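Engineer: Sequence:
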Amino acid sequence: MKKRQKIPYYQYIISLVCTAVIVGGGSYTYFNYKFTSYVSSQTHEVAELKEVHELYNDILTSYVGEVKRNELVEGALKGMMDSLEDPHSAYLKEEESSDLNDEVSGSFEGIGASLGKKDEMLKVMEAPVEGSPAEKGGLKVDDTILKIDGRPVGEETLTEAVKQIRGEKGTKVQLTIEREGTTFDVVLTRDTIPLTTITTTLDENPKIGTIRITSFGGKTFSELKTAVKDLRKEGAKSFVIDLRQNPGGLLDQVEKMASMFLKNDDVIVQFEDKNKNMIAHKASSKLDGGFKVEEPVIVLVDGGSASASEIFAAALKESADVEIVGTQTYGKGTVQTVKSISEKTSMKLSILKWLTPNGNWINEKGLKPTIEADYPEYAYLSPISRSHVLQNGEDSEVITNLNKLLKALAYDVNETSVFDDKTQAAVEGVQSAQGLPVTGQVDDQTAGTIETLLRIKIQEIDPAHDSYTHLDVYKRQINGSRERNEKKEEIYRILHVLYKATDPLPCSIIYYKRIYLDSCTHRRKFYGEKS
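In terms of the UniProt record's numbering, the sequence shown is numbered consecutively and its last residue is 531.
Bear in mind the hints are in silico, worked out from the structure with no lab data behind them. Just so it is clear, the structure is predicted and the values come from calculations on it, not from any experiment. Hints are not guaranteed to be accurate.
[As the list claims (entries may be wrong)] Ranges of calculated distance between the beta carbons of each label pair, as one might list FRET restraints:
| no. | residue 1 | residue 2 | range |
| --- | --- | --- | --- |
| 1 | L436 | M121 | 33 to 41 Å |
| 2 | K219 | L436 | 23 to 31 Å |
| 3 | K163 | S62 | 32 to 40 Å |
| 4 | T196 | N392 | 41 to 49 Å |
[Unchecked claim] Each computed DSS-like pair below joins lysine-lysine, with the alpha-carbon atoms no more than 25 Å apart:
| no. | residue 1 | residue 2 |
| --- | --- | --- |
| 5 | K229 | K282 |
| 6 | K123 | K68 |
| 7 | K93 | K286 |
| 8 | K117 | K344 |
| 9 | K123 | K172 |
| 10 | K163 | K344 |
| 11 | K225 | K274 |
| 12 | K123 | K365 |
| 13 | K172 | K219 |
| 14 | K78 | K344 |
| 15 | K163 | K339 |
| 16 | K353 | K276 |
| 17 | K353 | K274 |
| 18 | K457 | K407 |
| 19 | K68 | K50 |
| 20 | K229 | K292 |
| 21 | K172 | K225 |
Ideal placement from N, C-alpha and C gives every residue a C-beta, glycine not left out.
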């Protein structure tokens, strides 16, 4: 039997949400910050606990039904945490704590998504792990899971729902998903969740290195240093840091990484405790080991960039005047501590706010990019439902989605909820052009073909790739001794003109695109093939 790694319970969390764990990779970090613990006077505390103890004894001695002591205690502890009405604070029972141990040890097998309860509904709370079954299946933040293997999600606890979804590598689970009024089924094959957090690519003209960071794990700082060194050896003279769909991770890692791009003593992030005490963490050789990145840099973000991703982007934006390209980020501005309650149970508790170098608290607001570039509307469409074969005469929201997909592929259809003759003609056109049986009906094979065609269409629209080329051209023109702010001023001018003049699609890795390929380079990489 594999020995379980024990979590150090004085670590801090800077991930997107504190929910039931299905994702791999850690959510913890060492954080050298001392804060004051505030407690009530001993007399008042004893009086309050006396009431709890009396109720506990009354239930044990008088309740007519069966009573389990451990469930009473767990109910009281959970009730205290729930009363905070903080989605990032939670009491973790034995199984939930065990799941967290699995996260840290890297032994987890599942689908690669993080779930939570919102308005009593089972929701996908974070962007799925890159390359995971959840990502391959197209799950997105805020999807509602209605059924698990055909069984409706009822009043079971979050942990019970998670147990039904998790399982051994190679086994399958069917989820019925509701997204923006559309319901569809996805079948996911459970797998070991990839723990590599960085991938790199070079432009056709190998001067611009793109570094995609999927999360901030325990080795991401080391991975980033290696990535920069390798790209430099291959000729990279400037870098694009892609944080889109990065839900966060370890605080110590993001601080070390941000320090690489800042001058020593530049502020990375600030923290505030419940008594309004403030402390700033600054860039230093102690953090980054003296390894600095002074080449031109831009950072890509979107609505799935959260927490540690936002710390990184805000640090470079406000302390180094780096351009942030994309859309508004998620907006999580709190830090949690993980503390052991017993040998087998623990709690997550929000104990600090984090603020940007300029003192901005982005919680529930997000970080605004310096250059806004949103995705085309069709990139947000849902995958085609596989629950049944779609055919002429059907009237449903599933058909509305199908017609929008066909419209995006330039077919002449009515964007309505009806599968009419125009829809059938468009489907037949797809089938004929792609060598499929021409039935005019949308089965699994035809649905997959339509989705693949849309992915290719999105792949071909990538003005941000051209912006990287402009970065490199300017890099070759400038004198290396000029000040960094001069580089930034010209980079801003180039990017500003470019993005205002082209379709605003920032090298997008969005639903159709991010599942299968890295669109930031001409070296197309199919993430769906990763295990």
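Engineer: Hint by hint, note whether the structure agrees.
Structural biologist: Structure-based check of all given hints:
For the hinted restraint 33 to 41 Å between L436 and M121, the CB-CB distance of approximately 37 Å keeps it satisfied. Separated by about 44 Å at the C-beta atoms, K219 and L436 break the suggested range of 23 to 31 Å. A hinted range of 32 to 40 Å holds for the C-beta pair K163 and S62, which are about 33 Å apart. Between T196 and N392 the C-beta distance comes to about 46 Å, which sits within the given range of 41 to 49 Å.
Distance check on the hinted pair: K229 and K282 sit about 24 Å apart at the alpha-carbon level, within 25 Å; holds. A hinted pair counts as satisfied when its Cα atoms are at most 25 Å apart, and K123 with K68 does not qualify at roughly 30 Å. A threshold of 25 Å between alpha carbons decides the hint, and for K93 with K286 the separation of about 38 Å lies outside it, so the pair is violated. With a CA separation close to 23 Å, the supplied pair K117 and K344 stays within the 25 Å bound.
The hinted pair formed by K123 and K172 meets the criterion: a straight-line CA distance of about 20 Å does not exceed 25 Å. For the proposed pair K163 and K344, the alpha carbon gap of about 18 Å is at most 25 Å, so the pair holds. Restraint check for K225 and K274: not satisfied, since their Cα atoms lie roughly 36 Å apart, outside the 25 Å limit. About 20 Å separates the Cα atoms of K123 and K365, which keeps this hinted pair within 25 Å; it holds.
Distance check on the hinted pair: K172 and K219 sit about 30 Å apart at the alpha-carbon level, beyond 25 Å; violated. A threshold of 25 Å between alpha carbons decides the hint, and for K78 with K344 the separation of about 15 Å falls inside it, so the pair holds. Restraint check for K163 and K339: the C-alpha separation of about 23 Å stays at or below 25 Å, so the hint holds. Our distance criterion of 25 Å between C-alpha atoms is met by K353 and K276, whose separation comes to about 10 Å.
At most 25 Å may separate the alpha-carbon atoms for a hinted pair to count; K353 and K274 meet this at roughly 8 Å. For the hint linking K457 to K407, the alpha-carbon distance of about 12 Å falls within 25 Å, and the restraint holds. Straight-line distance between C-alpha atoms of K68 and K50 comes to about 20 Å, which keeps the hinted pair within the 25 Å bound. Between the alpha carbons of K229 and K292 the distance comes to roughly 11 Å, so the proposed pair stays at or under 25 Å and holds.
The straight-line distance between the Cα atoms of K172 and K225 is roughly 37 Å, outside the 25 Å bound, and the hint therefore fails.
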